[in-house]
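**Q** Top to bottom, those sequences are chains A and B. Under numbering that gives the first Met the number 0, the residues of the first sequence are numbered 0 to 335, in order. Under numbering that gives the first Met the number 0, the residues of the second sequence are numbered 0 to 299, in order.
Be careful, since some hints might not be right.
Quick partial rundown of chain A residues pointing at chain B, CB under 7 Å, derived from the structure [claimed, not checked]: (1) Gln44; (2) Thr46; (3) Ile63.
Here are some chain B residues the structure puts well away from chain A; computed CB gaps all over 10 Å [to be verified]: (4) Ala5; (5) Glu13; (6) Ala35; (7) Gly67; (8) Arg68; (9) Arg85; (10) Arg127; (11) Ser128; (12) Ser131; (13) Leu186; (14) Pro195; (15) Ile214; (16) Arg216; (17) Arg231; (18) Glu254.
Hint data in this document are derived by calculation from the structure and do not stem from the laboratory. Every residue, glycine too, gets a C-beta built ideally from N, C-alpha and C.
In case you want the letters, here they are:
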Amino acid sequence: MNRNTDRIVEQAIAHELKTSQRPPSVDCIDAETLAAWIDQGLDDQATLAVEAHASNCARCQAMIAAAVRTAPVTVHEPRPFRVPAWWYPLAAGAAAVIIWLVVPDQRDHQLTPSDARPTAAAPTAPSPSAPSAEPPAAPAAAGRAQLEVGDRVAARAREDRAERKAIDQAKKEEAAETFSEAAAPQAPDAPAQIGAVAAAAPAVAAESPATLRRSARQATDVVEVSSPQGAVRWRLGTAAGLERSDDAGASWRAIRQIAGESLVAGVALSPAVAWFVGRDGVVLLTTDGVTFTRVDLPDGVDAVSVTATDGRNAVVTTVDGRRFRTGDAGRTWQVN
Amino acid sequence: MERAHAERLYTRAEAARWKVPLEVFINAVERGAEKAFPGRTPSQTELDRYCDGLHLADLALACACAIGRNDAWDHFVREFRPSMYRAADALDPSGGAREVAESLYAELFGLRERDGIRQSVFRYFHGRSSLSTWLRSLIVQRYVDRHRDTRRLAPLPEDASPAALAAAPPSSDVHRERYLLVMRTALTAAVAALAPRDRLRLACYYAQDMTLAQIARVMREHEATVSRHLSRTRKEIRGDVERRLKVQHGFSQAEIDECFASVVDDAGNLDMADWLGTRTAAESERKELAFDRSTDKDLP
Numbered sequence: 000m001n002r003n004t005d006r007i008v009e010q011a012i013a014h015e016l017k018t019s020q021r022p023p024s025v026d027c028i029d030a031e032t033l034a035a036w037i038d039q040g041l042d043d044q045a046t047l048a049v050e051a052h053a054s055n056c057a058r059c060q061a062m063i064a065a066a067v068r069t070a071p072v073t074v075h076e077p078r079p080f081r082v083p084a085w086w087y088p089l090a091a092g093a094a095a096v097i098i099w100l101v102v103p104d105q106r107d108h109q110l111t112p113s114d115a116r117p118t119a120a121a122p123t124a125p126s127p128s129a130p131s132a133e134p135p136a137a138p139a140a141a142g143r144a145q146l147e148v149g150d151r152v153a154a155r156a157r158e159d160r161a162e163r164k165a166i167d168q169a170k171k172e173e174a175a176e177t178f179s180e181a182a183a184p185q186a187p188d189a190p191a192q193i194g195a196v197a198a199a200a201p202a203v204a205a206e207s208p209a210t211l212r213r214s215a216r217q218a219t220d221v222v223e224v225s226s227p228q229g230a231v232r233w234r235l236g237t238a239a240g241l242e243r244s245d246d247a248g249a250s251w252r253a254i255r256q257i258a259g260e261s262l263v264a265g266v267a268l269s270p271a272v273a274w275f276v277g278r279d280g281v282v283l284l285t286t287d288g289v290t291f292t293r294v295d296l297p298d299g300v301d302a303v304s305v306t307a308t309d310g311r312n313a314v315v316t317t318v319d320g321r322r323f324r325t326g327d328a329g330r331t332w333q334v335n
Numbered sequence: 000m001e002r003a004h005a006e007r008l009y010t011r012a013e014a015a016r017w018k019v020p021l022e023v024f025i026n027a028v029e030r031g032a033e034k035a036f037p038g039r040t041p042s043q044t045e046l047d048r049y050c051d052g053l054h055l056a057d058l059a060l061a062c063a064c065a066i067g068r069n070d071a072w073d074h075f076v077r078e079f080r081p082s083m084y085r086a087a088d089a090l091d092p093s094g095g096a097r098e099v100a101e102s103l104y105a106e107l108f109g110l111r112e113r114d115g116i117r118q119s120v121f122r123y124f125h126g127r128s129s130l131s132t133w134l135r136s137l138i139v140q141r142y143v144d145r146h147r148d149t150r151r152l153a154p155l156p157e158d159a160s161p162a163a164l165a166a167a168p169p170s171s172d173v174h175r176e177r178y179l180l181v182m183r184t185a186l187t188a189a190v191a192a193l194a195p196r197d198r199l200r201l202a203c204y205y206a207q208d209m210t211l212a213q214i215a216r217v218m219r220e221h222e223a224t225v226s227r228h229l230s231r232t233r234k235e236i237r238g239d240v241e242r243r244l245k246v247q248h249g250f251s252q253a254e255i256d257e258c259f260a261s262v263v264d265d266a267g268n269l270d271m272a273d274w275l276g277t278r279t280a281a282e283s284e285r286k287e288l289a290f291d292r293s294t295d296k297d298l299p
């Protein structure tokens with residue numbers, strides 16, 4: 000009965016909506032207003048007025064339906080995959096763990112001498128899997144197993160510390176690379192008390208983020224942002240910086256003072272008005288197509304996309320999923 | 000409007016490309032602002048926001064076409080005329096709407112003259128939308144009005160006219176008649192009580208047979224959001240109807256079920272378009288096909 004009732008309600012609603020519409024009146028939406036509503040060119044009050052009228056007017060509804068059926072179908076190219084910033088330390092950590100798991104014999108071999116403790120264990124070191132794989136047969140064996148587990152935990156803690164240190168170093172290196180054009184510093188040597196293999200993992204961790212970031216940058220696809228008419232286009236992510244084309248991409252002019260490499264997305268609302276966002280919360284706005292105002296996000300988190308309705312209203316999405324909204328051309332931002 | 004501000008807009012619009020006089024351009028912007036802020040003077044902030052949102056390049060092109068700049072007209076013909084025909088063909092693939100596009104094209108050129116000056120429809124473009132959206136809206140408006148006029152003038156089939164329906168023999172079940180009437184009154188009130196945006200979404204889906212994707216596009220929502228809102232609105236209507244039946248008419252749950260059942264019995268007459276015989280062949284065919292409206296497949 001419930002599903003039947005739902006179906007009945009649907010039928011009844013359809014009937015009601017088709018029969019209770021008001022006839023066309025002088026208040027009907029004209030073509031210019033309809034177009035402005037479709038292109039979001041109306042202010043909030045006018046938008047509400049259009050929707051309130053259209054919700055009761057068969058003619059205006061028919062116009063909306065016909066307008067949407069005549070809309071050109073736009074094909075959105077998929078955005079190139081971008082590795083989020085938090086992925087680098089995570090990947091480095093995962094790499095370190097994998098190396099630690101894959102080469103247990105060498106690790107134990109390296110760790111045991113530097114971490115020698117007086118134990119009642121047999122002179123020959125058991126295989127790493129033995130303590131957990133076999134149940135303790137005697138108190139001595141159980142103690143040995145506990146000590147080995149303790150060694151492993153201590154070694155893991157040291158590795159973690161070294162790894163974190165290396166990642167911090169990598170972040171510093173990354174920051175230095177971002178804010179200056181100087182070459183990236185060399186990764187520091189791992190602490191001497193950690194064995195060679197144990198040090199190898201942090202070394203990988205230390206180099207991985209910067210290396211990956213650099214290679215990701217080199218591999219980053221150039222993002223092209225087109226104005227609605229298509230004649231004026233912007234190109235981000237090239238070595239030349241932010242570039243502008245006034246002939247639909249036939250030729251490009253670099254805007255050198257803008258670091259294009261740090262920009263990742265943009266939206267052009269007209270040949271003059273455009274928003275661009277990038278790493279470290281960078282937000283650039285131009286309303287004349289020539290000069291740019293920097294209206295960065297408040298906490299410097301990497302931005303990944305931007306949508307805008309005009310030169311004042313925009314929504315920027317950051318790498319951590321938050322949405323920052325401005326209604327005053329970036330002077331203030333509200334987090335959603 | 001301040002001269003300096005107007006000149007900045009003029010530069011942004013690249014209006015000099017079409018040799019549009021500054022005064023003509025300023026007049027066009029001011030006409031648009033008068034329409035956007037009817038009967039009042041906007042604050043500077045409102046005006047700035049309004050101007051920032053304008054499609055200035057399109058406005059400059061429209062101004063140039065309106066005053067008869069040949070290079071601008073050539074550009075318009077090259078860039079926009081094909082899209083006008085595409086829009087017309089999307090409305091009527093058999094070519095029935097081409098006439099509308101042709102007639103609009105003539106009006107854009109400004110065949111009519113007043114006091115020796117060409118009167119172009121371009122003067123009604125204010126830049127609040129893109130030029131292509133405005134052109135599509137003009138075609139759509141004229142096509143819908145022509146279609147409605149044609150339908151209004153066409154005689155109704157004798158046995159389907161409202162009078163004939165009113166004179167239909169009353170049902171033998173008096174209770175069912177009452178339930179039907181009560182049910183429809185409650186439903187009308189429930190639909191009227193909806194928020195305008197909810198009602199518009201519902202009308203697009205049920206009265207205009209738009210797909211979820213089309214509604215999503217026009218309402219600037221995600222398809223899943225549209226679906227969720229439709230579902231919520233249906234539940235709200237159902238709850239409202241049941242509440243009205245209980246409170247206003249003192250119906251028990253059994254009687255409410257009877258009310259719904261009466262609508263089922265009367266379901267054959269539920270669709271007014273079918274009642275009046277005004278559903279076009281294409282609409283009937285679409286309805287009969289029972290296509291999956293969760294997809295975009297029916298888009299041109």
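**Q** Now tell me if each hint is right for this structure.
**A** Here is how each hint holds up against the structure:
1. Given the 7 Å rule on beta carbons, the hint for Gln44 (chain A) is violated: about 10 Å separates it from the nearest Cβ of chain B.
2. This hint is violated: Thr46 (chain A) has a C-beta 9 Å from the nearest C-beta of chain B, more than the 7 Å allowed.
3. Below 7 Å, beta-carbon pairs count as interface contacts, and Ile63 (chain A) has one with chain B at about 6 Å; its hint therefore holds.
4. Ala5 (chain B), annotated as away from the interface, keeps every beta carbon of chain A farther than 10 Å; the closest lies near 14 Å.
5. For Glu13 (chain B), the non-interface assignment is contradicted: its Cβ lies about 7 Å from the closest Cβ of chain A, within the 10 Å cut-off.
6. With a minimum CB-CB distance of about 7 Å to chain A, Ala35 (chain B) fails to clear the 10 Å threshold, and the non-interface call is violated.
7. Against chain A, the non-interface label of Gly67 (chain B) holds: every CB pair exceeds 10 Å, the least being about 21 Å.
8. Listed as a non-interface residue, Arg68 (chain B) keeps its Cβ farther than 10 Å from every Cβ of chain A; the least gap is roughly 17 Å.
9. Under the 10 Å C-beta cut-off, the non-interface status given to Arg85 (chain B) relative to chain A is violated; the minimum distance is some 7 Å.
10. At roughly 4 Å from the closest C-beta of chain A, the C-beta of Arg127 (chain B) falls inside 10 Å, breaking its exclusion from the interface.
11. A beta-carbon of chain A comes within 10 Å of the beta-carbon of Ser128 (chain B); the shortest separation is about 4 Å.
12. Consistency note on Ser131 (chain B): stated as away from chain A, yet its beta-carbon is not over 10 Å from all of that chain's, at 8 Å minimum.
13. Annotated as non-interface, Leu186 (chain B) brings its C-beta within 10 Å of a C-beta of chain A; the closest such distance is 5 Å.
14. Residue placement check: Pro195 (chain B) does not keep its beta carbon more than 10 Å from all beta carbons of chain A (closest about 4 Å).
15. Residue placement check: Ile214 (chain B) does not keep its beta carbon more than 10 Å from all beta carbons of chain A (closest about 8 Å).
16. The non-interface label for Arg216 (chain B) is inconsistent with chain A: the shortest C-beta to C-beta separation is roughly 6 Å, within 10 Å.
17. With a least CB separation of 13 Å from chain A, Arg231 (chain B) remains clear of the 10 Å interface cut-off, as annotated.
18. Non-interface call for Glu254 (chain B) relative to chain A: holds, since the shortest CB-CB distance, roughly 14 Å, exceeds 10 Å.
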